[in-house]
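Undergrad: Protein sequences, first through last, are from chains A and B.
Take 1 as the starting number for the first sequence in our numbering and just add one per residue.
Take 1 as the starting number for the second sequence in our numbering and just add one per residue.
Heads up, a few of these hints could be off.
Derived PhoX-like pairs: lysine-lysine, alpha-carbon spacing no greater than 20 Å straight-line [stated by the list, open to error]:
id	chain 1	residue 1	chain 2	residue 2
1	A	K451	B	K7
2	B	K40	B	K91
3	B	K238	B	K40
4	B	K95	B	K230
5	A	K77	A	K144
6	B	K202	A	K408
A short, non-exhaustive set of chain A residues, derived as facing chain B with CB atoms under 7 Å [claimed, not checked]:
id	residue
7	N223
8	G467
9	Y468
Please keep in mind that the hints were generated in silico from the structure rather than gathered at the bench.
C-beta: ideal position from N, C-alpha, C; glycine also.
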Amino acid sequence: MLFNSFEFAIFLPLVFFTYWLVFNNHRRAQNILIICASYLFYGWWDYRFLGLIFISSIVDYSIGIFLLNMTNSKLRKMAVFLSILVNLSLLGIFKYYDFFVSGFREAFLFFGLDINVRTLNLILPVGISFYTFQTMSYTIDIHKGKMKPTRSLIDFLAFVSFFPQLVAGPIERASSLLPQFSTNRKFNIAYLSKGMALILWGLFKKIVIADNTAIYVNQIFDNYEIYSGLTLFIGAFLFSFQIYCDFSGYSDIAIGSALLFGFELMRNFNYPYFSVNIVDFWRRWHISLSSWFRDYVYIPLGGGRGTAFKKNRNILVVFVVSGIWHGANWTFLLWGFLHAAYYQAFGLFNKGIAKRRDTVNYSNLGVLLNTIGTFLIVTLGWIFFRSETIFDAFNYLESLFFSDTFFKIEILTPKSQFIYTFLLLAGFTLFEWYSRHKYCPLELNELSPIKRWSVYYVVFLLIITFGYFGKNEFIYFAF
Amino acid sequence: MRSVIIKIVISFIIVLATHLVLAFLANGTTDQYYQKFTLKSSPNLILGTSRASQGLNPVFFNDILEENDFQNFAFTLKSSSYGEVYFNAVKEKTKRIDSGGCFILSIDPWCISQEKGKTINSSDSSSVLFGINHFDQKPNFEYLWKKFPYGWGMIAFRNFEKFILKANYRYFNENVNGSFAQVAPDGYLRVYPSLDSLFVVKKEIRTFREYEKKTHQMVFSEERFYYLAKLIDLLKSKGEVYLVRLPVHKTMLEIEEDYLAGFNSHISTLLTKADGYFDLIEAPLDNVYIDGNHLYSESATKVSQYLATEIKRFRNADTY
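Assemble the whole structure, with the sequences as input and the hints as a guide.
TA: This is the structure in structure tokens:
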């Protein structure tokens, strides 16, 4: 079920009212309702893959129980290893098997050996990269003593399958989300109001911004051979907005929906295009994934300690793994490499500057130029991310920088939408800029109720009059 | 609680009223199909895919054949390849016509082909005609609700844009690559393209590459051919039926001949059903194409005039 679908518009209020009106003050019943609703939500896409979520949940729940009573460190390690193995195997089979098998075959062909290997051509189960990472973090955290395992299977099943964040995150830590399933929830009007504002803003980002820009992005990336350099630049620029609004829009709806049921999810985006450097960007973009890799890959590898070689190696590993996490394609791998290179280059030339700064003075010309520069290099990276193949990505770049007719204007159809897409982007960017210190731009508590509701109405009207209501899945469903 | 309900009702009324007004603004600028779903039933129709939609202008058929209500009811390869969906749409569109009609069916190897491994039902479920029951309502709420994927504010925006684009057509044609299109009140899709030679060549290369790929992906479909024959039978009971093969770029023609060398022999089996077949591939017209596949509107004018004259000549010869 898609967040931007008619089905979800029926589903969410139904579950919400049942949750608070029928099962209020019955935590166990509420959790069972969440499991049923979540399995229905996921099964709406393809019920055959519900078994995978269940297997992943049962394995990690059982390992958690095993770790509860086990003191033998060797056996504990083996249990955690088993959890990682099962989850990574699910990922490996469904997401990476064909990619690696084809890669091996091509490598052997390069040396003149044609090996006979079969690809499986399996459908990629939606959200598999998200829930496997979430359940893995559970057993790892127990092993590290960061949390105690839960004895309640119901709580655990609800934690893994919780529909707002099941298919595209945020990737929650068990230590943060699981305890929320074990405590009683009380209806909170502040949560409801904040949740609704987040859902409205998320829908606006997805339906109005992302889906409208997608029309041109697809047009340009699918036919990049015929367009001028300027048009290709516009294509990459629009994709930057598309992917941001698509994914952060999803996260907003997820966080907002979770709030309706009394759950707080972690923030996933913090106005990433206002980052002043690449390090800052990765603190603001897909925060739940970057922090996951920081905690479970980068730090265990040694983090920023040790020799310069080790530090750089760790950075490279994290970005390459992060790249391949996004999809079984060389383009993602290269995108990861590129960001690793950015990160290392930044570290090389700006020692000490990468420290967290909570207040940034954008009126300083240097900071402003850095912000624009960061946006541009990130945009350059998105070309690899969006292209179908590495060949396409390099050809796109070649046409972008070396086309004979760089400044030739090209009308992209639908035309008027092209104009208003840019108007919307400008308005959207200004609004986000103005709201950059807020969690959500639609948190308008400083306004009078009339003004606040007027803004909500305008956003709502913009969605229904200028949104795109074709069937567009969220980009991150593919990961 | 009462005030909340009142607010909800007022909001609902505002949204509904806004949409009602917007629906009345819908016209040929809305998208490349909408206008065709609003035309009153007519006995004279041009049918086929995008080649006919852009290549056969009803105005010239009205003039030369002395008719007054020719309509272009051709769509795209995806939407109006011959099959059950298009057949039913035409059947519905002509249900009030008993006799005296004139129907021009554009044919080519692609509109009687089907993607390998797919049924025509699965392909045609993505047709813009699929699931539509009304083809002559204005505003056509059914179409706007089911097939127009944008918020209806776009309808107003595109109306507004029409004036800017038309007023600056000369500027755009000279300085801007790309095209814009508008459906005329008779259903003809007029495309305003840039004829920048480099851009046209790039578009041609893309088209040829795309169709080269299609030659491996598609195959002649007995089922589509059956529906073409069935459509001819249906229309024959309501008037004259003419088949026409529109001209294309010579490279495109080579691709088509490689793909379906037996096209003419397939069509020859239909000639006893139709009143005439006009193969305009070799017609002495110096055509210009916007992408190797579709005629430029000035060439479409020439082709339409030529075809209408040929039909007139055919009719006269038949009379004597």
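Undergrad: Any CB of chain B closer than 7 Å to the CB of G467/A?
TA: This interface hint holds because 5 Å falls under the 7 Å limit.
Undergrad: Does K230/B lie within 20 Å of K95/B when you go C-alpha to C-alpha?
TA: holds (15 Å)
Undergrad: Hold the hint about N223/A up to the distance rule: shortest CB distance to chain B must be less than 7 Å.
TA: holds (6 Å)
Undergrad: Against chain B, is Y468/A within 7 Å by beta-carbon distance?
TA: Since the shortest Cβ distance to chain B is 6 Å, the answer is holds.
Undergrad: Is it true that the CA of K451/A sits at most 20 Å from the CA of K7/B?
TA: At roughly 15 Å apart (the allowed maximum being 20 Å), K7/B and K451/A satisfy the hint.
Undergrad: For the pair we were handed, K202/B and K408/A, check the Cα-Cα distance against 20 Å.
TA: Within the cut-off at roughly 14 Å; holds.
Undergrad: Could you grab the alpha-carbon distance between K238/B and K40/B and see if it respects the 20 Å cut-off?
TA: holds (17 Å)
Undergrad: Taken at face value, is the distance from the CA of K91/B to the CA of K40/B at most 20 Å?
TA: Holds: K40/B and K91/B sit about 14 Å apart, inside 20 Å.
Undergrad: Keeping to a limit of 20 Å between CA atoms, is the pair of K77/A and K144/A held or broken?
TA: holds (10 Å)
Hint violations for this structure: none, all hints satisfied.
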